Amino acid sequence: MLEIPLGGRTLGTSPVISKSRRLFSDRFLLFLLFSVSVFLLINSNIALAEAPVEYRDFSKVFPVFGPKVTSRIAIWVVAQLHLYLAAFVLAVPMFALIIEFIGYKTKDKKYDKLAYEFTKLLSVSFSLTATFGAILTFMLFILYPKLANYLSSVFGPTFFWYAFLFFGEAGFLYTYYYGWGKFSPRIHLLLGLGLNIVGTSIMFIANGWVTFMTSPAGVDDAGNVTSVLEAMMNYTWMPINIHRLIANVAFGGAIAAAYGAFKFLGAKTDEERAYYDWMGYVGNFIAISAFLPLPFAGYWLGKEIYGFRQNLGMVLMGGGFSWLFIIQAILIGMLFLSANLYLWFGMGRIPGAERFRSFIKYLLIVVMLCFGVWATPSSVIATPEEQGLMGGSQHPVLKFLGVMSAKNTAVNVLILTTYISFLLYRRGNKQAVEHQDQQSSVSQLIVLLLAVTFAGAMAVYSWMLPSFGFSSEGKLGFVPTSATVLTYIGTIFFSGVAVLHLVNFLRAKKRHPRNLVSWAQFGNQTQFLIFVATISYVVFIGIYGYIVPTRIRIQMSVPQVGSVLLTMILVTIIDVALFKKAKIIGGIQWGKMRAISQYCLFFTAITFTWLMGLMGYVRSGLRQEWHVYEKLRDTSPDAFTPTLGFASTMVSVTVILFYVLVVFIFWLASLSGKKQYDGSDAVAH
Amino acid sequence: MKQGLLITFFTFFVTFLYWCVGQSVEQKEIHPAKDVQLGADMTTEQMAEAGKKIVEGKGTCLICHGSGERAPKLIGVGERAGGRIEGYSDLDYFAESLYEPEKYIVKPYAPGMTPVNKPPIALNDQEILTVIAYLQSLGGKPNVTMKTKLKYQSAEGSAAPKTQEAAAEELTGQQLATNYGCVACHSLTAPVRLVGPSLYDAGKRLSKAEIYESIMDPDAKLAEGFPGALMGQMLGANGFYNKVTSKQLKVLVEHLASLQGN
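So the protein sequences, as listed, match chains A and B. For the first sequence, the positions run 1 to 685 when my numbering is used. For the second sequence, the positions run 686 to 947 when my numbering is used.
In case anyone wonders, no lab produced these hints; they're calculated from the structure. The model shown is predicted, which means the values in this text are computed figures rather than measured ones. Worth double-checking, as some hints may not be accurate.
As the list claims (entries may be wrong) - Derived lysine-lysine pairs resembling DSBU-like cross-links, with alpha carbons at most 35 Å apart:
1) B:K836 to B:K719
2) B:K826 to B:K738
3) B:K788 to B:K803
4) A:K631 to B:K834
5) A:K631 to B:K738
6) A:K303 to B:K758
7) B:K758 to A:K146
8) A:K631 to B:K713
9) A:K361 to A:K60
10) B:K803 to B:K758
11) A:K268 to A:K110
12) B:K758 to B:K826
13) A:K60 to B:K713
14) B:K788 to A:K60
15) A:K60 to B:K889
Claimed, not checked - Which bits of chain A does chain B cover? Going by a derived footprint, with three or more residues having C-beta under 8 Å, they are:
16) 254-268
17) 305-315
18) 597-610
19) 627-637
20) 640-651
We put the CB at the ideal spot given by N, CA and C, even for glycine.
Construct the complete structure from the given sequences, taking the supplied hints into account.
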């Protein structure tokens, strides 16, 4: 091991990876990159030539894998593994950079050590990502030559940039990792920034290729390219960019947390346990923080798919993939459950958190109820006799929970509940106190104005609802009169909340000896009122959604989700101010966690991976019998949408294969912690 | 080691859990809709029948027009069409709705329908005529024929469609085997015994001449374990020997000869 001195500080140790092993992996990677670049260059030059073969059967080209492994299956496995690894490789530098920056600003060595430990997982991951990317490229050209040639004819110029940026990423990544502690902190941070910019650019280019297949642009009716830029920046490009950026962070955080859990369970000392417990917490925090805004990116993607082609949107949500979204709902519900469970377990290591233990059962009930609503399908699988009894494929009562109104309501309440769990965790060992040095109430006044405006906006929106019209097929039997009553109730209620905010502020002011408003008196009540208003608003909009036309109901998801986001921002601002100089009851006892809590982290990582595989399938399967929607048809024997059972099998296989690779990555990363080989077991001659 | 095994078991268990969820939902394989065979000699009633199949299949019309939430329902549209736009007959209205759907949008629906003569639907002019015939039949009386001229028809699309016989000559070997019912008794994809022996490796075992003989004179050489007379009787009852053309026979024999059992 080497000590890394840096400006007088010792950061820790860096692994001594044998020079020959390091150079071997670097040379291998460079060779791989070179081969792929040459391959792409050659094929992009001959791309315009008519490919004589549209499709080749993998089982005939590579019979060693058996007759069941068709071209679709082969590409599916390789592409998905490439995506899993690429997501990890792009995500880790993002949060490693942020954590390193925090360490730089706070001068706390443990953040730098944590960032370095996360980055340790990167070098092998990067090589594996490149390997699978190369295999995928070769396989596409061999098995689907017509598709590969067509995409080359459209995106040929971008291949140069892709290969160029790839070399750039390799350069930044290895310099960032091996140069840890060798440069000044600012230079090292800049290297990390460069790594992130280049990595994100690579993803954006690849996203252009894949989104073009769903929503082609920049080509004429015959499929000839008219603008490469337009082809790249098609309808679904930016939504996928944002969605993947956020999802990568969530996924990468979950894998990093799983690594922390893995190391925690194998830790030998209390110090190690404390460190890896903290690592698991940070990884999970990153994962769940990125997970919460992810549905909004998904909504945007869905909206753009509908905007591009309505029938694509209908196939996605109402056609053959509708049951897929029930599976997705179950996975997301499980994620929320495990996120909350981990936080509740975590409260066990915080002295003072036992004050909030009584809330956990109520939070659990809310989570389970929302999960139930979220996972209820619109129509149920039933025998003909059962359908006859029900009067159709829809259950007479449960059918109302299977529509968007109920689902949006449930997921928004789930998000808020998870956020409340986090708030309780955060304030577990803190007690807000009055401060006599309070200078003014300006910040409290600003928060008051924001809270009143927020509640006022809810009241105004409630008042406007009848102007949106009513559905000709109103569910729940509402009639316009009932809707008007609902509107009055909503408007009065939210106006009342706005008034209560003001009353709360004035009372807090009156109680203060210097007529100021302290956070300790004002903050909690304000947060409580904001939560009451938002949860009521989300439920109110959910109920009202049953009586408006479909297109209005879809639009109402925006104020629902917007109110939840605003709530989290506003409440966080108040919370930070409220506990800025709080009395600390006791320090967090890192390491004092039950082993079962670490399995929450494994569960989260596996669930994220499975969810990612499922969503990858729907993105690809949405095109149905088109390679490039409306431009290039799939004429292979696999040009059909398989059953969800088959898709589940494929996703499960890729998840298991991915975790075999992850074990390999973790094992390699853990080698740095092992003693140097000293030859003491060599046989004496 | 023990922890490692526990973590491995846990990973498999959770993956298996989600796999089970995937197996328990509705299982549906969705294949692209087959082309409906049309002929220049179809009557209006036959056109309406064919149009119904296209609306329910290749046209994907019911994805949006089925529920009435995103697009108007089609029930009674044949009656409504004539009075929709001033100066338009029902034929004009249907033609514009199919070729230029954004021109007139029924309230309160929003634009979003793609022209049906372009991808992804890509119906040809004859298929569109049959769809119009079907739509006219919903509450009205269809009056289009395969010779009806619409202003939107392209030069290629307005060429007379093949007769049904001509269309039948272009079927592939697999399609012929399906259409003539071979697959009802013989498996072409697996070494599975059905009513007759599997043909999935016919090309490996038999020469083209032997395959031809097996079709035209099934009792000349029987596969071991299978009774005689059955195939000949069934093919005769189906009218196979009267319907099959020499070109189709050639295509069918070529296809069976290509089956090597891989």
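Tested hints:
| no. | hint | verdict |
| --- | --- | --- |
| 1 | B:K836 to B:K719 | holds, 27 Å |
| 2 | B:K826 to B:K738 | holds, 18 Å |
| 3 | B:K788 to B:K803 | holds, 16 Å |
| 4 | A:K631 to B:K834 | holds, 28 Å |
| 5 | A:K631 to B:K738 | holds, 24 Å |
| 6 | A:K303 to B:K758 | holds, 23 Å |
| 7 | B:K758 to A:K146 | violated, 40 Å |
| 8 | A:K631 to B:K713 | holds, 26 Å |
| 9 | A:K361 to A:K60 | violated, 58 Å |
| 10 | B:K803 to B:K758 | holds, 22 Å |
| 11 | A:K268 to A:K110 | holds, 19 Å |
| 12 | B:K758 to B:K826 | holds, 18 Å |
| 13 | A:K60 to B:K713 | holds, 28 Å |
| 14 | B:K788 to A:K60 | violated, 50 Å |
| 15 | A:K60 to B:K889 | holds, 16 Å |
| 16 | 254-268 | holds (count 3) |
| 17 | 305-315 | holds (count 6) |
| 18 | 597-610 | holds (count 6) |
| 19 | 627-637 | holds (count 3) |
| 20 | 640-651 | holds (count 10) |
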